[in-house]
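Visitor: These are the residues of each chain, in order.
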Amino acid sequence: MAVQEKPLYYLTIHEARKLIQSRALSPVELTRAVLKRIEAVDGRLHAYLNLMADNALAEARVAEAEILRSDYRGPLHGIPVAVKDQLDVQGAPALIREKRPPESEDSTVVDKFRKAGAVLLGKLAMSSLPIEIPQPCNPWDTERITGGSSTGAGAAVAAGLCMGAIGEDTAGSIRNPASLCGIVGLKPTYGRISRHGLAPLSWSLDHCGPMTWVVEDAAHVLQTVAGYDPKDPTSIDAPVPDYSAALRQDIKGMVIGVPRHFIEECRSRTDAEITTSVDKAIGELQRLGARIEEVALPILKLATIANAVIYYNEHYAAHIGDTKTVIRNAATARRARIYLGLLTSAADYIQAQRIRSRIKRECAEVFRKVDLLALPCQLGPAPTFKEVDPLDTLYKHLGPEYHAPFNLAGLPAISIPCGFARNLPVALQLVGKPFDEPTVLRAAYAYQQHARWYERRPPI
Amino acid sequence: MEKLTEQTLKALLAQAGLEPKEGDLERFEKLMDTYVAALKTLHSVDVSDEEIAPTFHPERRTK
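Chains as they are written, first to last, in the working numbering: chain A, 20 to 479; chain B, 88 to 150.
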């Protein structure tokens, strides 16, 4: 039974979970509505690589039966979600792994989704897959890219083809599509979410994280998948706080640092409308009670290059056993990463690791004085497919930009919609201290509730 | 490395037991030159007092 004015596929997780818990909405009805939406628009968007409709409906029926017998598991129970291809799903192939047999085991993230009673719709497209796989289109304008590499997740969440997704971010791959598709994307602290069952792009830079329509949904998804996992040697055994509780506090007195020198460093590469929208958003945070302070992080200008050096080197090492296959089949950018990894010396890798130590030190010093950093989350609005060269992403990572420094530092960073430039989404980035996702979510939520950009959905 | 030559790259690929896809060396020439220049920039800063961070943890430990 539909109890909302908007279509069921556009309910947020936060709205749907209340209806499901109170039995006003059936998980089966909700899953059917989302599957119907996928059938209607995914032929144009290409967000799904592997839609598991029958499995999803079976899981929805199980969730419905459990809820009817008062066995409610939590906010994701009966909620249709999806994951980036990079995450293993038992019985489904992982195309990024260059092998087609179905995986024999779920990744830890997927396992946690199942234990929470979520309905897994399928696997979403990503950049760097074999050339013949179509690239997802941006729901705000299907002539435009979604941004990568969690391309399918950006399109699917924005267009109502799932209610939440897990993406993966090595150099901005959650925050970039989130900003270009007008959704919320959270790259948590390194070690916060298990990488077990994640096809590696770069072991020390890969972060799994939620991609959702609103901040409260990111909190629900993070709550479900965060936590220590002995199967991931880089997982960190730190307490998992109540992320939704953090949203109930305002931001009066919060200190937000703005690295103006770095924004200036990126200015020649950044569309003017992006910096204008972000400046307005920072002004709104100030009006909500935050204190804005200029901060200096001198090493940021080299952080993107250092991140790229570590990424390409680890990427090459991760594929040492199947490099020939990658070079034969993979998309242009992925082949280029392999070649660049091969060109990188041990001295370059060590220098990049030392720059990583420096950025950690500089960030730790700045975070003694501020609670968050605020800065842009993209260089420009989504370009058209015709405007983009497959190597643009690699060129972007050889000069200063806004995402990679926080992969290198391992800090939590969120992309939150903050307006439109030429009718295309623009985002603000907020970065927090290690494991301080609650403060990141709290500020993002306060801004979201004030600005209300989430009320505007893409025209598709 | 001052500037990457096709011969250098072919030698590196051969050492790794790889052959480039047809047209890749020409296609990626400018990117590789930009990368080599970026590597020089990477070494432009003195970070010799920093730990090598072989084990990564986002919480900084005392130096």
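There may be inaccurate statements among the hints.
Computed footprint of chain B on chain A, listed as stretches where at least three residues anywhere in the stretch have a Cβ under 8 Å from a Cβ of chain B [as the list claims (entries may be wrong)]:
1) 307-315
2) 321-333
3) 409-423
Computed cross-link-like contacts, DSSO-like style, restricted to lysine-lysine with a CA-CA straight-line distance of at most 27 Å [what the hints assert, rightly or not]:
4) A/320 <-> B/97
5) A/415 <-> B/127
6) A/134 <-> B/108
7) A/405 <-> B/97
8) A/320 <-> B/127
9) B/97 <-> A/299
Worth flagging that the hints you see were computed from the coordinates, not collected in a lab.
Note that beta-carbon positions come from the ideal geometry of N, C-alpha and C, so glycine has one too.
Visitor: If a hint holds in the structure, say so; if it does not, say that too.
Guide: Structure-based check of all given hints:
no., hint, in the structure
1, 307-315, "violated (count 0)"
2, 321-333, "holds (count 5)"
3, 409-423, "holds (count 5)"
4, A/320 <-> B/97, "violated (32 Å)"
5, A/415 <-> B/127, "holds (17 Å)"
6, A/134 <-> B/108, "violated (44 Å)"
7, A/405 <-> B/97, "violated (32 Å)"
8, A/320 <-> B/127, "holds (14 Å)"
9, B/97 <-> A/299, "violated (51 Å)"
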